[in-house]
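**Q** Construct the entire structure; sequences and hints are all you get.
Residue numbers for the sequence shown follow our numbering, so the first one is 1 and each next one is one higher.
One or more hints might be untrue.
Label pairs and their in silico Cβ distance ranges [as the list claims (entries may be wrong)]: (1) Gly278 with Ser6: 44 to 52 Å; (2) Pro167 with Ala210: 42 to 50 Å; (3) Gly247 with Asp296: 17 to 25 Å; (4) Asp252 with Gly278: 12 to 20 Å.
Simulated from the structure, these hints should not be mistaken for laboratory data.
Where a beta carbon is used, it is the ideal one built from N, C-alpha and C, also for glycine.
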Amino acid sequence: MGLSTSFTELFDVEHPIALAPMGGSAGGALAAAVSRGGGLGLLGSGNGDQDWLARELPVLADEGAGKPWGIGFQTWAIDVDAVARALEHRPAAVMLSFGDPSPYVERIRSAGTALIIQVTDMEEARRAVDLGADVIVAQGTEGGGHGARHGRSTLPFVPVVVDLAAPVPVLAAGGIADGRGVAAALALGAAGALLGTRFQATTEALVAPATAKAIVEGRGEDTERNRVLDIARGSRWPAQYTARTLGHPFLDGWRGREDELAAAPHAQQAYQDAVARGRIPALPQWASEAIDLINDLPSAADLVGTLAAQAEDALARAGRR
Numbered sequence: 001m002g003l004s005t006s007f008t009e010l011f012d013v014e015h016p017i018a019l020a021p022m023g024g025s026a027g028g029a030l031a032a033a034v035s036r037g038g039g040l041g042l043l044g045s046g047n048g049d050q051d052w053l054a055r056e057l058p059v060l061a062d063e064g065a066g067k068p069w070g071i072g073f074q075t076w077a078i079d080v081d082a083v084a085r086a087l088e089h090r091p092a093a094v095m096l097s098f099g100d101p102s103p104y105v106e107r108i109r110s111a112g113t114a115l116i117i118q119v120t121d122m123e124e125a126r127r128a129v130d131l132g133a134d135v136i137v138a139q140g141t142e143g144g145g146h147g148a149r150h151g152r153s154t155l156p157f158v159p160v161v162v163d164l165a166a167p168v169p170v171l172a173a174g175g176i177a178d179g180r181g182v183a184a185a186l187a188l189g190a191a192g193a194l195l196g197t198r199f200q201a202t203t204e205a206l207v208a209p210a211t212a213k214a215i216v217e218g219r220g221e222d223t224e225r226n227r228v229l230d231i232a233r234g235s236r237w238p239a240q241y242t243a244r245t246l247g248h249p250f251l252d253g254w255r256g257r258e259d260e261l262a263a264a265p266h267a268q269q270a271y272q273d274a275v276a277r278g279r280i281p282a283l284p285q286w287a288s289e290a291i292d293l294i295n296d297l298p299s300a301a302d303l304v305g306t307l308a309a310q311a312e313d314a315l316a317r318a319g320r321r
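**A** See below:
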């Protein structure tokens with residue numbers, strides 16, 4: 001029957017599925033594969049690093065088959081120049097997450113590019129509506145990677161944002177890793193779903209093989225939200241955003257002692273030394289609570305179609321009941 005929504009119509013894509021623009025790991029090959037598969041691939045630019053973009057944008061152009069794509073930024077980590085450089089490549093969308101998007105809205109609009117704003121609480125959701133976002137992503141705390149320290153779960157958060165934002169399309173994010181999750185998002189009134197961890201476990205993702213393996217073998221109860229690893233690695237992430245990760249030796253040693261860790265440069269140096277010696281992963285292993293549902297490493301292009309078919313089947317079954 002096909003899953004046509006206001007999101008698929010806005011971007012002229014086949015399926016109501018988008019790639020979370022995971023900083024560093026959602027590179028050109030992954031974004032291109034999701035777009036080729038009929039979803040919307042979003043390049044994970046993070047802080048807008050010019051060298052990274054110079055490497056990944058040509059890959060996206062070569063492999064994207066002319067399909068719509070976008071680019072995502074960590075709003076707290078960029079400036080107007082980063083957005084301006086990205087717009088030169090004519091993305092279909094720019095997604096802004098984690099921070100005040102208002103300094104960049106007019107630049108994006110003047111380029112004729114769709115503005116996607118990710119929100120983690122109702123204050124951010126109201127601001128996104130006021131700023132005239134073309135799409136709003138409602139992120140629940142189940143998601144892997146960074147999110148609100150005091151956010152809300154996806155199931156109750158998404159329909160509240162849908163009601164607030166109507167008729168603006170809303171994508172559900174956080175703890176969605178199979179077609180049943182996509183179907184649930186649609187049932188909640190969302191126009192689609194944005195998935196991160198599920199796409200990390202694909203052949204095109206820019207993640208270490210050990211991380212992909214850990215996601216496939218991990219369980220939701222192995223994940224937790226924390227700031228420890230951001231502090232240990234000297235990241236400038238704002239304190240209101242914690243990160244859901246798999247377990248980690250440094251987390252075990254410093255859990256609940258964030259202030260002490262922040263004041264202990266010798267501990268932060270110990271973290272860097274352990275990374276250099278290969279004793280711990282170079283990056284934390286961001287992971288959603290939904291990793292129990294991830295058990296393979298397919299091509300992202302194939303995965304999009306699989307997710308859509310699963311969603312259609314789930315909705316059909318629910319209708320029959």
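**Q** Take the hints in turn and mark each one as holding or not.
**A** Hint check results:
no., hint, result
1, Gly278 with Ser6: 44 to 52 Å, "holds, 47 Å"
2, Pro167 with Ala210: 42 to 50 Å, "holds, 44 Å"
3, Gly247 with Asp296: 17 to 25 Å, "holds, 22 Å"
4, Asp252 with Gly278: 12 to 20 Å, "holds, 18 Å"
Checked against the numbered hints listed earlier, the structure breaks none of them; every hint is satisfied.
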